[in-house]
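Chains as they are written, first to last, in the numbering used here: chain A, 1 to 324; chain B, 1 to 324; chain C, 1 to 324; chain D, 1 to 324.
Errors might be hidden in some of the hints.
Copies of one chain are not kept apart here, so a pair can be met inside one copy or by any two copies together.
Only pairs whose alpha carbons sit at most 16 Å apart, straight line, appear in this in silico EDC-like list of lysine to aspartate or glutamate [claimed, not checked]:
#	residue 1	residue 2
1	K189	E280
2	K189	D278
3	K91	D71
4	K189	E318
5	K61	E36
Think of the hints as simulated: they come from the structure by calculation, not from any bench.
Keep in mind it's a predicted model, so treat the numbers as computed, not measured.
Listed below, chain by chain, are the residues.
Protein chains: 4
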Amino acid sequence: MSLRVGIVGISGFGGGEAMRLVAGHPSFELVYAAGEGSAGSRLGDRFPGAPATLAELVIQKWDPVTLPKLDVLFASLPTGASAEALARVPKEVKIVDIGGDHRYVEGWAYGLADVWPDRIEGRTRVANPGCFPAATLTALAPLLADNLIEPGNIVIDAKTGISGAGRGGGGTFGYADSNENLVPYGLLKHVHMPEMATTIERLSGGSAAGLVFAPHLVPMTRGVLATMYCRGRATTEQCLDAARRFYAGRAFIRVTDRPPQTKWATGSNLAFVSYAADPERNLVIAMGVVDNLGKGAAGQAVQNANLICGLPETTGLEGAPVWP
Amino acid sequence: MSLRVGIVGISGFGGGEAMRLVAGHPSFELVYAAGEGSAGSRLGDRFPGAPATLAELVIQKWDPVTLPKLDVLFASLPTGASAEALARVPKEVKIVDIGGDHRYVEGWAYGLADVWPDRIEGRTRVANPGCFPAATLTALAPLLADNLIEPGNIVIDAKTGISGAGRGGGGTFGYADSNENLVPYGLLKHVHMPEMATTIERLSGGSAAGLVFAPHLVPMTRGVLATMYCRGRATTEQCLDAARRFYAGRAFIRVTDRPPQTKWATGSNLAFVSYAADPERNLVIAMGVVDNLGKGAAGQAVQNANLICGLPETTGLEGAPVWP
Amino acid sequence: MSLRVGIVGISGFGGGEAMRLVAGHPSFELVYAAGEGSAGSRLGDRFPGAPATLAELVIQKWDPVTLPKLDVLFASLPTGASAEALARVPKEVKIVDIGGDHRYVEGWAYGLADVWPDRIEGRTRVANPGCFPAATLTALAPLLADNLIEPGNIVIDAKTGISGAGRGGGGTFGYADSNENLVPYGLLKHVHMPEMATTIERLSGGSAAGLVFAPHLVPMTRGVLATMYCRGRATTEQCLDAARRFYAGRAFIRVTDRPPQTKWATGSNLAFVSYAADPERNLVIAMGVVDNLGKGAAGQAVQNANLICGLPETTGLEGAPVWP
Amino acid sequence: MSLRVGIVGISGFGGGEAMRLVAGHPSFELVYAAGEGSAGSRLGDRFPGAPATLAELVIQKWDPVTLPKLDVLFASLPTGASAEALARVPKEVKIVDIGGDHRYVEGWAYGLADVWPDRIEGRTRVANPGCFPAATLTALAPLLADNLIEPGNIVIDAKTGISGAGRGGGGTFGYADSNENLVPYGLLKHVHMPEMATTIERLSGGSAAGLVFAPHLVPMTRGVLATMYCRGRATTEQCLDAARRFYAGRAFIRVTDRPPQTKWATGSNLAFVSYAADPERNLVIAMGVVDNLGKGAAGQAVQNANLICGLPETTGLEGAPVWP
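With the hints as constraints, model all of the structure from the sequences given.
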């Protein structure tokens, strides 16, 4: 039996990727799609490669009043837009909010699915982590849980592909200006910082007051790599071992000996973590890689939907990454 | 029940994509992989994102004598290498040769699966079309079958992503020399020409003597677009209509009103065809788009394997393209 | 002694490249810059790498009434905008219009500088050719002049980097949608067609009625390659020889034995032409490569300005292409 | 009067860029070029866009015995190859070694031209800094000179375009594997580390023992961005002010309020530096951008050659960056 699924924000990159994953999900049926820029057009016009069974679905203008009966709704709206948009969705519709408005908000589970699956199961409202937090926290969690690094002294140098900036930014992120260009932005004041600080504190029990976060736009479409510089006396092997234990049996986390590359994850819900430490210098480098639209958005969202619907969490997410 | 599958040429791009598709195929089990450059390593070393169930498979040096019991073997070897390599494979092993050596060779079906599926079913040896022919012939077939264009007067201007040149060409196709560069090559003498000419003749019954083929390398990883300039008096609508009838019920062909873009197909087994005609100028422009590693190689190969194994031809190939 | 130079349209790619070339020109001094999107800002804000001597120049809102005394004005405005904008510029200001409004317009020389330099010298109004015509006509001119091809039967398959679409198209040409994507557009109805047809007719004396033009967007920033399929009985060597004679002594044209690559021209005012012919098939393939912002826009514009100012035409344009 | 110039290592990216700059230099004449992979071919075959005056120069196999009379030799050889190759070059030939073998070697000046021009003038042997050190040290020097940061506690997260890995690595850095991929490598053990540590110590007078260096390959051709995390109590404005004073009157250094982007420098000898500090967190982020083939290699080399030849240091280096 299929669950009835809707997506709001289908015109954006996150919503589009949710469409792709829902289309391939054996227990989900996409029955509703809404989008600002594409309302009125067929899904097949917007996504010429969409499955034939979905091509005729007409994209709606979002209106919670006319929402059809749904089991699950994925929301992928710009920051600031989803709080209001989702307030009037009926309680019986489970929601996974890929956008940023409900992270660490009362009544919403924080959907860091590989770290805290038990906090998500049984809930009806899940706030998906941001793409940077997905890469960052997945790599840091085992170290923080084992007290291998100081929570108050973490520097995150993060790099993202340009789809991470969203489609709305077309003007700013035009091809000719962005290609062959590497751009630091949002130094020390990125919108993802509070979410990362809070999670670090919950994982470690200590303060994350010294957190430094410097994101960079990289001329590629997908992919996030976070390189984190931490204080700690662990060896590389101790860090890898902590991660292997922490993620034992977790399907989507790969702990690797060598530094992970963003392309390893493209199109998948995988996260790759690795470490390089130098105890003599009191240094641990942690690295996390995700596809910003996969584990960093729609992949993690489907995993969260699986968890709250009582499905095996890997359902519909088994696809291997696309290489090259 | 799963069929036992092997892949030879796993180090190349076509073999790697076959691995990805076989891994996600519900009736195939990958039990054997061989590769020149990667023999001795684990599949998980070569493909860090490979499914955990395959990660421990050790890549072999190719030797038909030590081949395990297989139902299907995919071969993806450089031109000139597969004829000899496959000669001693036991008859009961079905083979799909992604490489170029067996196209239009006695005893081998030519695997243009969406055009001639009935010539493939029941066979045990299939030669997969090249990536350029896959894009080109899929778009031309309906026009040739309906005599809407002259077979002897076709100009093919073809553009391919750089993975189409194979991994062996690393030295030639280094990043810094290839990026931001558009390169015509192999004018009038490309290895795919005879295969295209023969197919055009079989489809039309006429001579393809005037065929012109000009391939170009485009700075992108995947994708083929063939733009074809033909002589004919049909209208655009007549061409589209011919294609819709020709491919009625075919799962992987999309006939589109607007010119197709290569990214529509990325990661999928889809082919997109479209047309723009001007009867007053005796002109029909035909366009075909495929992912050179999908419909142009491993996707079509799996479709062919499905056909010769008596499976529904879409099995394991339902995934929507990855966008963006 | 320096000539006083102005640029209108400095916010666009063509205007920006004109700024770069004027800055390096020994006889030009940039004293005025106007731009829609950047009026009020310093040139150094817009172009952080601009020469220190220009950084403080404040970009103006275009208004011909407040124009300072100028010797030369470069205009790089969107199609449709320059006719009106330039109508009231004083007669004594020489104008090179990089935009499309004045091509083959009464009173304006058509600035195909390497083919017809003598029609440009002594003029005060020059309409710069479009980027596609620059690549196309440069390669075709010697063949047409020697009657080696039929003027009425030319197919132009043209490929351009995305800066060729202009900066205004940021929304349409966002990075994530354009990267790894090859896009045909404007089939048979591109705005550059009349200009090419007219020039072909003037060069050959015959009709260009059968002209076919199919442009494609390629995922790279700069570069145009035109591949042209023509009817003719010449050999490759005859075509090369015709071009070598036609362009003898011309500084910016390179006739090459092998097919030209777009990156050969990046950042320069060079054009590369080559040919591959097969007399038995009545076929001549002509290829032309330019940088769409160099010979295809600002480079050619500076060359034209040199011609009308009585300077050696290579002044300020000697820089070798940037590779890789 | 022109100085006679030679280049050894013309087949590599650094040697090729040196060729481009020497070709445009008013006081240099290229009379000799040597290269491993291209010996015997004409310069015009290797660089189709090379100035016509250089096209006929035949590339030699390197042999110091048959060296013609030269005033200046640029060497751009792989690490480990230049020490021996240059040992027998006559003393009267001035050498700028772009390769790594002579940095902080007895008898060779370290060519950090914008920081220590006076240590370079009058010398005959100059070791050019590596591309990472050029970006890193240019941004750090003013802070270290003013004691605004602790020298022993610097984390360098560096990102380079793929030409920084050299052309020899074609196999490793093939287009399809490198495109859309972000790759950390050489963590904590990169060959550029000692050079950076030594320079930091000389600039500060303190120990650089805690230096952390993590380089990353970014899918673009040119450009280096170093993001550095330092300990210090200065404000952003104090850092910017220190840099403006330190580099007052230096032609190639741009101190910018906003974070620099790699494309600002493409094709030029410019370096961009900026800072973002938070005294409450004892944090200074320093950023440096260079073109790895410009200020990071051939541009700096020409600047050094100007210094040792008694020419104005900007000669031949005035060209503005190529954008976009």
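Hints and how they fare:
Taking the closest pair of Cα atoms, K189 and E280 come within 16 Å of each other only across two copies (15 Å); inside a single copy the shortest separation is 32 Å, beyond that limit. Proximity of K189 and D278 under a CA criterion of 16 Å is satisfied inter-copy only: 11 Å between copies versus 29 Å inside one chain copy. Within a single copy, K91 and D71 get their C-alpha atoms as close as 10 Å, which meets the 16 Å cut-off; across copies the closest is 51 Å, which misses it. Taking identical chains as interchangeable, the C-alpha atoms of K189 and E318 are never at most 16 Å apart, the minima being 36 Å within one chain and 37 Å between chains.
In this homomeric assembly, K61 and E36 come within 16 Å of each other (Cα to Cα) only inside a single copy, at 6 Å, whereas the closest approach across copies is 34 Å.
Hint compliance for this structure: hint 4 alone is broken.
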